[in-house]
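Peer 1: Whole structure, please, built from the sequences with the hints as guidance.
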Amino acid sequence: MTLLLVILIPFLGALIPPLVIRSGRNTCAAATGGVTLLALALLLSHAPAVFSGEVPKAAVEWVPSMGLSVSVFADGLGFFFAAMILVIGLLVIVYARFYLSREDPMGRFFAYLLLFQGAMVGVVLSDNVILLLVFWEMTSLTSFLLIGYWRKRADARQGARMALVVTGGGGLALIAGLLLVAQAAGSWQLSEILARGELVRASPLYLPALLLVLLGAFTKSAQFPFHFWLPHAMAAPTPVSAYLHSATMVKAGVFLLARLWPVLAGTEAWFLIVAPVGLATMLIGAAIALFRTDLKGLLAYSTVSHLGLMTMLLGLGTPMAAVAAVFHIINHATFKAALFMSAGIVDHETGTRDIRRLGGLMALMPITGTLALLAAASMAGIPLFNGFLSKEMMLEEAAHTAYLGLDFLFPVLATIAAVFSVAYSARFAIGTFLGPVRRDYPHHPHDPPIGMWLPVAILVVPVIAIGLLPELVAGPLVALTAAAVIGGPLPDYHLALWHGITPALLMSLVAFAGGAALVLAFRQADTLRARLPRLDAQTLFEIVTGTLVVWCRRGIGALHDGALTRYMGVTVATLVAVGGYGFWSATHAAGTRPMLPVTAPAVTVFAALVLASGGTLLFHGERLTALILTGVVGVVVALVFLQFSAPDLALTQISVDVVTTILMLLALNLLPKTTPVETSRAVRWRDGVVAGLAGLGAAGLAYAVMTRSGASISDFYLAQSKPGGGGTNVVNVILVDFRGYDTFAEIIVLGIAALAIYALLDPALKGAAVRRIAAMLPREESRDAHPLLLVVATRVLLPLSLAVGAYIFLRGHNLPGGGFVAGLVVAIALIMQYIASGYGWAAERMRVDSQSMIGAGVAIAGLTGLAAFVFGRPFLTSTFGYQHWPVVGTFELASAMAFDLGVFLTVVGVMVLSLAQLSRVAQRIDPVPETGEPMDVLLEGAPPGGPGREG
Amino acid sequence: MELLVAGVIGILTTVGIYLVLRAHTFPVILGLTFLSYAVNVFLFAMGRLVIDRPPVISPDAPAYTDPLPQALVLTAIVISFGMTALIVVLALRGYLETGSDRTTLDAARRTEDGDGA
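Chain order of the listed sequences is A and B. Take the first sequence: its position 55, counting from 1, is numbered 55 in full-length UniProt numbering, and each next residue is one higher. Take the second sequence: its position 39, counting from 1, is numbered 39 in full-length UniProt numbering, and each next residue is one higher.
These aren't lab readings, by the way, just hints derived from the structure by calculation. Bear in mind the structure is a predicted one, so any value in this text is a computation, not a measurement. Wrong hints could be hidden among the right ones.
Not the full set, but computed from the structure, chain A residues with beta-carbon under 7 Å of chain B [what the hints assert, rightly or not]: (1) Y567; (2) M568; (3) K766.
Chain B regions said to be covered by chain A (calculated; three or more residues, Cβ under 8 Å) [what the hints assert, rightly or not]: (4) 3-14; (5) 21-31; (6) 35-49; (7) 56-64; (8) 67-73; (9) 85-97.
We put the beta carbon where it would ideally sit given N, CA and C, even for glycine.
Peer 2: So this is what it looks like as structure tokens:
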């Protein structure tokens with residue numbers, strides 16, 4: 001299980017930096033580093049097992065039958081990547097502490113960084129394919145946040161967006177691809193899929209799966225022709241570039257190719273696609289890097305080139321090439337992260353990253369200069385540094401590769417790429433650190449604090465150590481990782497400095513000579529390049545996305561034209577059409593269930609409904625009339641419930657009706673009082689016909705069901721209500737016990753709705769809204785704002801209503817009633833106080849504010865549910881028992897009562913909050929009400945607000 | 001009686017949909033109220049119509065009506081209040097901010113929106 005924690009800790013730890021940033025930047029960085037260190041320690045606790053050949057696993061099953069589980073495994077490859085992500089993460093955190101300026105919000109930065117770290121570790125350790133995809137998407141999202149960290153900068157935002165579009169788009173393809181792979185292999189677990197390579201390669205799904213997976217991997221790892229996003233992502237702060245764009249995220253694509261190597265590699269299609277893409281990327285990246293003037297841009301294209309190198313090696317499909325790829329991943333991570341950090345230091349100290357304005361820094365910042373030169377030597381592939389070793393292996397592999405019968409293609413192009421790589425490394429080193437000291441740096445440079453150069457130094461140690469003693473330092477790690485990539489026996493190889501006179505050595509020598517020549521002739525080469533036609537990938541990207549956006553907008557604009565009437569009309573008309581088609585294309589017979597006899601009262605009520613509905617239809621322009629008629633309809637509905645054995649529903653309906661009507665009256669107070677007729681007669685007839693057909697359909701469907709008998713699951717509830725739930729009111733027992741989950745969620749939704757109402761109305765007392773409210777003055781006002789009769793009646797009724805509420809609540813478990821109805825009754829009694837005596841008077845006397853009541857209600861219901869855990873039962877399991885008290889007698893006490901209390905409190909809070917807020921807004925346009933006590937009798941001719949006003 | 005209840009559902013649906021198709025917020029809100037009524041009665045009717053058999057366990061009761069649709073409708077009634085209240089407030093806020101209670105963007109606003117400015 002500690003393996004799961006390795007992923008979980010960075011995610012949970014992401015909460016810490018924003019919280020502790022108040023204690024200072026050092027504390028914040030230390031806390032972030034601590035989180036990473038903890039994850040790393042947990043990971044390394046598995047190291048002995050992994051190196052002894054075991055594969056630690058951990059899993060939490062969710063829906064195993066659908067392949068949904070949170071399962072992770074750490075084989076050599078996953079372990080190596082996870083360790084690399086965490087170690088370099090740690091160094092980057094230290095570096096970032098000193099890199100970020102005081103103005104940069106550090107808490108946010110470290111939170112993003114840890115989220116990214118968690119996602120990245122998740123990608124490399126996932127066993128379940130779907131889990132891997134989820135983490136993959138998360139790396140795209142978190143890298144978007146990190147690239148766009150300086151959100152005020154346009155280039156940061158654009159770079160972030162481009163990275164998200166490209167990697168996110170590739171992610172979509174990857175989802176499809178991996179699902180196909182899982183389908184072909186018949187398993188959702190990578191550890192099983194890896195063992196079924198034969199099956200996948202033989203499947204007809206292999207080619208589409210391969211293409212989709214490659215699309216995902218190539219976009220993520222910036223392979224040609226998707227390489228253009230990476231340089232733009234360099235708008236990110238340098239720690240991000242060092243972490244994401246050299247060591248981790250861009251390696252995710254390479255990781256995926258390595259991960260799926262035993263499954264997908266080894267076929268002709270794999271070789272024909274992956275190898276040349278890698279080769280082309282390596283060559284193009286290196287060529288562009290040479291002519292970059294921005295240090296980070298140069299390093300970015302160099303990274304593109306090296307990613308191409310790894311891709312090409314994996315694409316060759318031979319075990320030996322896979323070993324070389326793994327070795328190069330290790331080497332590149334060390335020297336490239338060191339170089340990015342050095343470039344950041346230069347930028348930080350001199351104020352510029354433009355290679356044309358730099359030079360001679362070696363004398364001014366010797367530590368940084370030395371470290372950067374060592375790392376650059378490795379990048380160039382100079383012997384005694386680790387970059388040389390893996391590059392030699394790459395050249396050796398390329399030398400033996402024939403593509404489509406062309407023996408020379410790979411060796412020649414790989415050598416040319418190596419020439420460029422030597423040249424740009426030299427340009428980086430010479431242009432920045434060597435040469436004469438200049439006088440015109442924007443800032444006066446000197447070596448940075450130790451916190452900034454120490455991470456670079458730590459990274460340079462393996463650069464040299466591996467370079468000198470490869471087998472001793474990196475041998476076991478390479479063997480472990482490569483074995484996991486190959487998924488079979490390792491080829492016979494030897495990591496060493498000297499292999500004799502090999503083709504690779506000769507190619508290296510050519511590269512050094514060519515690179516040196518290119519540096520010397522840089523000016524001429526640059527002139528030549530300027531004359532060449534340029535294909536700017538970014539312009540192409542913008543044309544493509546721009547066109548897509550235009551077309552999407554056209555499509556959306558045609559459908560989504562901002563007219564609610566149209567959306568509703570189309571929806572209803574479609575429903576009617578589909579329903580009508582279903583009806584006419586099927587056979588049907590009349591139902592056989594005997595009908596109940598029609599009674600005279602029923603016909604009367606029906607007639608009332610027809611009148612009220614018809615009235616609403618005809619007079620909906622007069623809003624007050626329509627509202628009153630709607631209230632009548634509500635009463636009819638309550639009567640329907642009452643007639644057909646649903647006393648609980650009738651009670652609820654009638655109380656909700658009261659509250660709804662009051663609510664709408666309050667709103668109507670501020671809205672226009674009439675609706676103008678703006679539509680033509682034809683449109684109204686059309687709407688009427690559509691509505692009528694829909695009504696006919698609904699009525700017909702209801703009639704068809706009512707005249708047929710059917711089996712119901714309700715017998716269970718009826719039988720278990722008393723013995724299982726301890727109550728005789730089955731409806732209430734279902735609500736608070738059998739289906740308590742539903743009810744619990746429902747009161748949460750209600751609470752959210754009420755809080756949303758509060759959030760919507762609270763700011764309505766400012767800005768344009770308040771001017772509009774002010775403009776509504778003067779209005780018709782009743783001379784008597786608080787009618788004495790109403791005030792007295794509501795106050796007398798209050799205790800009575802509360803008692804009724806309590807009674808309804810208490811009996812609810814056994815007889816019609818319960819938390820919902822009781823809550824409504826109490827809420828109405830309270831709201832009446834607001835109506836009768838004014839908002840100010842009532843709000844002053846409400847001891848408990850409604851927000852707390854909602855919170856308390858949800859909390860009580862939730863805690864009641866959680867209490868079941870104490871007894872080892874599932875959430876919301878209820879219990880009941882019988883108590884015997886003297887005088888009171890024997891009565892029943894059910895835990896569901898406490899749950900119902902939560903419901904009660906929530907309902908009261910929601911109703912009072914919504915209506916009180918509305919009346920608070922409405923009160924703004926009433927200048928009169930708050931004059932003195934509502935019970936004061938205004939004498940004829942007395943100035944309003946005169947005698948009764950207090951304080 | 002079934003026919004009458006079906007009639008109730010039909011009338012409520014018709015009025016509800018007609019009002020929802022109006023171009024101002026207040027009729028639309030009333031229409032939604034009607035539709036909630038219609039849906040609640042419809043759901044309730046799925047338990048079939050039974051007279052004088054409330055689902056309250058008692059030794060004297062010969063039979064009970066189906067309690068499940070009632071439980072569902074009870075929560076639906078309360079939730080539709082929450083929804084109505086939210087929509088009322090949205091409509092009110094919209095009116096107070098813009099001075100219009102129409103449910104359609106006028107032509108000028110629409111093109112402005114379409115340009116994504």
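Peer 1: Now, for every hint given, state plainly whether the structure supports it.
Peer 2: Going down the list of hints, with the structure as the test:
1. Y567: At about 9 Å, which exceeds the 7 Å cut-off, the nearest Cβ of chain B leaves the hint on A/Y567 violated.
2. M568: Cβ of A/M568 sits 5 Å from chain B, so the hint holds.
3. K766: Because about 11 Å separates A/K766 from the closest Cβ in chain B, which is outside the 7 Å limit, the hint is violated.
4. 3-14: holds (count 12)
5. 21-31: holds (count 10)
6. 35-49: Answer holds; 11 residues pass the 8 Å Cβ test.
7. 56-64: It holds: at least three residues are needed, and the region 56-64 of chain B offers 4 whose Cβ sits within less than 8 Å of chain A.
8. 67-73: Satisfied; 5 residues make the cut.
9. 85-97: Contact hint for the region 85-97 of chain B vs chain A: holds, 11 residues under 8 Å.
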